[in-house]
Structures are given as structure tokens and as C-alpha cells.
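Chain G is fixed; fit chain C onto it per the hints.
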Amino acid sequence: MATTPVDNTYSDIDNTGEDPQERAPLVTGGHDFTSVTESVCRITEREKTPTAWYVAFAISLSLLGVLGLMVAYLFLTGVGVWGVNNPVGWGWAIVNFVFWVGIGHAGTLISAILFLFRQKWRTGINRFAEAMTIFAVACALIFPGIHVGRVWLAYWMGPLPNQMQMWPNFRSPLLWDVFAVSTYGLVSAMFWYMGMIPDLATLRDRAKTKLRAFFYGLFALGWRGSNRQWERYERAYLLLAALATPLVLSVHSVVSFDFAVSQLPGWHTTIFPPYFVAGAIFSGFAMVMTLAIPTRQFLGLKHIITPRHLENIAKIILLTGSMVGYAYGIEFFIAWYGRNPYESFAFESRAFGPYAWAYWTMIACNVISPQLFWFKFCRKNIWVMFAISIVVNIGMWFERFVITVTSLSMDFLPSSHGYYTPTWIDILTFAGSFGLFFTLFLLFLRFLPVVAMAEVKSVMPQAHLVHGEHRGLGDYWGDMPGQHEEKGEQHLKPKTTEDKA
Amino acid sequence: MSGVDTTPATIEEVPKKLWGYLVEFEDAAELVSAAERVRDAGYKNWDAHTPFPVHGLNDAMGLRPTRLPFLVFGAGATGCLVGLALQFFTNAVDYKYIISGKPFFSLPANIPVTFELTILFSATAAFAGMLVLNNLPQWYHGLFHSRRFARVTADRFFISIESRDPLFEEQRTKALMESLGSGGEVEAIWEEE
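Line order of the protein sequences matches chains G and C.
Using my numbering, read the first sequence as starting at 1 and increasing by one per residue.
Using my numbering, read the second sequence as starting at 1001 and increasing by one per residue.
None of the hints are false.
Just the calculated beta-carbon pair ranges, DEER-fashion:
#, chain 1, residue 1, chain 2, residue 2, range
1, G, Phe117, C, Lys1174, 42 to 48 Å
2, C, Glu1185, G, Pro50, 38 to 44 Å
3, G, Phe117, C, Ser1182, 34 to 40 Å
Dumping the calculated DSBU-like pairs for lysine-lysine here, alpha-carbon to alpha-carbon at most 35 Å:
#, chain 1, residue 1, chain 2, residue 2
4, C, Lys1174, G, Lys210
5, C, Lys1044, C, Lys1174
6, C, Lys1017, G, Lys210
7, G, Lys210, C, Lys1016
8, G, Lys120, G, Lys380
9, G, Lys315, G, Lys380
10, G, Lys208, C, Lys1174
11, G, Lys208, C, Lys1017
12, C, Lys1016, G, Lys208
Don't read these hints as lab results, they were simulated from the structure.
Cβ coordinates follow ideal geometry from the N, Cα and C atoms, glycine included.
Chain C extracted, bound-state conformation:
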């Protein structure tokens, strides 16, 4: 559904609470300058949403670099040690046998497997670490209540501020967001209690 359908989702007779506000932008440059203003206003529980990674947005949002590289390095070092230990234990301790007069354990012959396990462990850490740090999978999220948010994966840019933010005040936050957008209305997102 890439069509513009800005009608809010139907509100049924269940108790609702305000999840937060959402505002839409048409291009990346506008989003970046808007993000700077939200950052400077001091909000914490807010986010920018884009169809592709927009560089400059990390700084504009004041994000700190992720810890992922340290995780990956740790996993790689573990993989390296596991590879060496596995080969040492199996071929030089637990089941020694002479083959072609080769030593039971010697680095040159044991490098390939050590290397592969280093890569395997670090790549798995990069992939799984990205998911865990990003709280994925997360099949439910308040933003999925918004219909127009569906276009975030196609061609639209958004900023959302959550109601759980300590600075969140319905009127003030809404006013700030209205001043950011390119004339687009600020959408209130409701979720079930």
C-alpha cells in the first residue's frame, strides 16, 4: 500500500492510551534539520525513521556509536581460541596419532580451521548482536498502528516522539512537532491499554 492514506486507524471501544506523536517529511534534508531540533529540545525516547540509512542523521540525532564492534571482537577472539583448543585437544591430547610424520599440533597446519572459526564466530556475533541490540525481532510496535507509517519502508521519512519520554507533554510536544514538518499534520498514535 504505497498510496497516501492518512485517515487514522479506526478507534474501537477499548481503553486507549497515547503512544506518542508522529510527523512525516518528504525528503531527507528536511528530516535531518528537524532531528537536530528534537535533539536540542532534549528528548530521549524519540526516533527518526527512514527507508534507507541517511548519513548525517546519527549526528543530527546525537546518537553515540554502537557497542557492536566490541562484541564482534570478543566473539572473534573466542572463536580463535575455540579453534586452537579444539584442534589441540582432539589431535594432540585426546586422540594422538601419527600421520605422514606430521607433528600433533603445529600452527601452520592449524591456521585454516582457526581462521574459519574466528570468522564464523565474529560474523554470527555481528548478525545476532545487531538483532539483539536493536530489540529485533519485535513484531509489535506502537508505530504499526499508523497507516501512513507503512510508507516508511518505501519513500517517506518520519520522526516519532514517545509519550514515555520524561519531557513529553501533550501540548508542548505536539507544538514542537508541528513546527518541524513540511505542513504535514502531526498524528497521534494510540495503542490499547
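Only chain G is shown next, with the shape it has when bound in the complex:
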């Protein structure tokens, strides 16, 4: 057992400086492969589970129990227990669904899109962000599953042969959604698991009990770091990233079609797909930050999830938050410019009608609060970042509430205007979905490799064939497989490449 001294190498080291002469280190504190392995593995290997974990797990599990009770009550009674009414036939169920699906998007953005863009800092956070994606999609899928009324007939959503000899309507965006979200869930799970295979093998090889050796061995599938396997593995990883990138953009676009393809003022707009995708990434990154700050703090991962990682996340929140703010503005502009009285009425009542409180909460949280990230101080202070990330999560939930409820409550006919109020069942079901999310997330933190160790090692300076060489040859994980094939001959003789630097 190699004992790596746990000293200040795990503490915060400011690497947020912008010095063009020098690349900021991705892993701080002078670590090598051994100590990175050690610092990640010790999280799941500690013999005694920390009390804090039990406390958090107990709270999450209780909330999950609440979700179970609420769903059982709903099934036994009917959707009348929710606050949905006529005209607001879509209440919190769809709001929560869009909220959770949106959160998932950041995980795929980090694992796929940042991979294609060679953003090597993603390696520190991609594993838990992908886990977040899968758990968020699991939470999201509950809501369309339970909101159908007669849940025992939920399988009608799939194209299954049945005794009525009927098929689902493929011209409906709701069915597109079934395909989009389930594909998204499956592809994210495969991507996550595949990325984890080498790290599960690490845990297998370090296992000290038979039980751990058996289970990690089972799921590591006999991985042995063979380069013949790595070659196919990396190609498969690149292909999955290339497939997940259009997929993630399509998923929230399809979710937005649920609204945009209908005829309702406030929903029937072409800006919805890009606006929803930007909002999804915005909310997802806020959730990544909400999870990253306590995770790095309590699990001793400050050297891998460095202040610079958090700063980058803050910058993405600022960017996507501004895009969302722009979309809010354009919606109003088009409502005015289009001269459609119903459309302008929908937007007037959004901002100044009975739901003005929700609308201005949304604006304050989503448009104004992230603007604080223009200031470096706010991008470096974890308390400010944590607070803003929570505020953004709240704001993005309100955005979906505003979109769904305001348009439905006041549409064409004034005689059918109405006001929607959730019931306590609605509220507890939503709270319960956080129970499911955090229960899964805590189990993940305790039993699985929280950081993609193999990927982190590949972006460390020691992984470079020639130390100190900075022309991209050493950027292993980030390079396209085969990218250096034509200059392979020089590359094969690493000691003679100085002249190319």
C-alpha cells in the first residue's frame, strides 16, 4: 500500500491567473499518476462511511420515500389530486419534466461537446457531470410516466403491437419526445459506463476485500489497459461524443416542440429550440456548480476540481445566461413586431398579468444574477458561485413554469381564462424528485470513481512523451485518434522532435 502523504497538495491553489506564457495546470499541487489514483480511489475505499454521508443519505432517502407516497396516492386517486384545471391542463408535471431534462444537458455538453472542442479541463468534472445527467433524466422520466392519468396504459406511448391494432401517432411532438428522451437516457448511460470501465478496473486492482474485487471486477469486464483495446476504446469514445453532440441539441429542441408545434400564443414561436437548448445548458451548468463545490470540498478533490474549473463553469453560466436573457427580449420584440394581438396579449400578461411575480422572479434569477460573473471576484469566491448557482436553478424552474402556465391560463377566449395553483401533492412530488436525484448521487459518490482518473492522467504533464513540449503532441486525450498519422515517423522518435517545437 503506497501511502501518499495527505498534506496541502489537496488544498486550494489559485490557478485562475491569465498568463499567456504559461498554461495553467489542470491538476494542482505537484501530483503524479500514483497520487491522483490514490486521491480518487480513497473516496470509495475508506472503510468507515463518513457520518455526513449518512445524514445526507437519510434526508435524501426520506424525500425519495415522500416521492413514492405521492406517486402511490396519485395512482390510487387520479390526476385530480394535482392543481391542474381547465384551462391549465399542464401543470407542474411538465414543468418538472423540462426542468430535469434541462439539467441533464450540461453533463453531455461537458462529456461530448467539450471533448470535441478539446477542452481538457473537462476531464476533472466530466464523470460526476455525466452521473448528474443520468440521474436527472431518471427524475425527468418519472413525470411524463405518471402524468398520463391511467398509468397502467403508459406503454401505449411506445410502438408496441396490441390487441386494439392501433399504433401511436408519429406526427405528434409528444411521441417525438418519448423517442428523444429515452434515446438520450440510453446513450448517456452507455457513454458514462464506457468511460468508467478503466476506472472500475483501477478499483478492482486495488480491492482489498473479496466482495469489492468481485463487483468491480464484474463491471470492469476484464479491462487490462491493453493498447489494442485502448485504440478501439478511444475511437468508440470519439464516435459516442460525435453522436451525443447532435443528440443533446436535438433533445431539448424536441422538448421545445411540445410547445412550439401547438397553436398557443406564447408557445408557437420558432425561437423555442435554440432558446430551450441555451436554457438547458444554463441550468445544467448551474447544477454542475451546485454539486461540484460541496463535492470537491468534502471529498478532498480540490487539486482536480480546481478554482479554474469553477471559474470556467461560471463563465459558461454567464454566457448561456446572457443568451437566455437575449431570448426573453427577442420573444417580446417579435410579439410586438409580429402585430398578432393574441401574441402581444400573451406577453403583456406574462410580464404584467397575474403571474408577473413568477415572471420577474425568473428575470431576476436568470438574467440579472449571472451578470455578477463579469467580476473576477465573483468567479473566484465559492460562496458567491454557490449562491448564484442555486438562484439560477430556481430561476430556470420558474422559466418553465412561466412558459407553461401563463400561456395556458390566458389564451384566445377571455371566458376560458383561469388561474393555476399547485396543491401540496404537486409540491411534495417535486421535492421528492430531489430525493431520488440525491439518493442516486450519494450512492455514486460512495461507490463509484467520482473522477475519470484515466482521462485526468492523460492530460497531466507527465503523460507527455517529451517533457515540456507544447505543440500539441503531448495532448494525448485531446487529440483525434490518427491525427498524427502522417507525421507519425517523427512522432515515433520523441527524443528527436525538439526541432519541430
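Only chain C this time, still in chain G's reference frame:
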């Protein structure tokens, strides 16, 4: 067990045969130049083992690019056709019904599901194809007999040459491997008959 434990696994009284030789390296650059020498010596059943993908090693080992992309493309094309056929059969042939005056089959309305199935089929092919081409899962492998090989998933680099290689000769292969390493001894791996 990240500790250095180089004692060979205990050999019990069962018939053993030589699986191959294993040699350890401390860093990636050394591994790459060693791999070139094994490649040039003409071995076929040999491999390099690393904790993370080391680029340049594919060329150094003389590996050809994998066929995986063709598999994925085939699966994607299948998914696309399955998506179109499914929607055409269910909504335009087997169970026609008019809804909002929309045509029974029209590409714009049928693109989303076709697209999703294309992605689903190709992603599954990328994942499953990687496992199948890599012979995974493979829970037993001769190399797992070596104790120090456990560090391959943490911080060490290895080259192994299998005894089933046509060029394998105990003395010559061992001599070649001894000349590669950074002073590390060459480990003989035995497995049960």
C-alpha cells in the same frame, strides 16, 4: 494495492505452462521506444499496457486503425431506415388515421424519430462494437496472474509477449525484453494447463 509487490504469485503443484513474458516501464516515452523495437522484431501476439491511452503508441506498435467506424455507420444507416419504415408502416399503411389534416407520411414530421433512432442504433453499435472487437468481457486473462500487473490501471506501463506467438522462443524473447526495460526484471507468467 498500489504498493510495489514484485514477488511472483505462488506456484502450486498443478501443471503449468508459460503464458508469456511481461516487462515493466516507468514512463510513457520509454514504453513507446520499447514498443517500436518489439514491433520491428516482428512479433504479432504482444501488447502494450498503459493506465491511459498513450498517443503515438499505435504507430509504435504498428496497429492498423479499427473497423469500428464502418460498423457504426452501418448501424446508423440501419437505424435511419428502421425509423422511416416504422413510421411509414404504422401511420401510413397499417393504421391510417387523419389527424389535424396532416399527411399520413411526410418527412418533416417524421425526421425527429428517424434522427433519434439513427443516433440510438449508432451509439449502441459504438459501445457494443468496442466491447466485441476488444473481446470484452473477458474476466480471465493470463496477465492477471502477475501481481505487479495490478499497477497497470494506476501508474505503470507494461509490454507483454505471449508464448503463442510464432516467433516466441524462451531465451531469445526473454533476452529481447530484458534489453527493453529500464532495469526492471522480465517476469515469466505461468498459467494452469
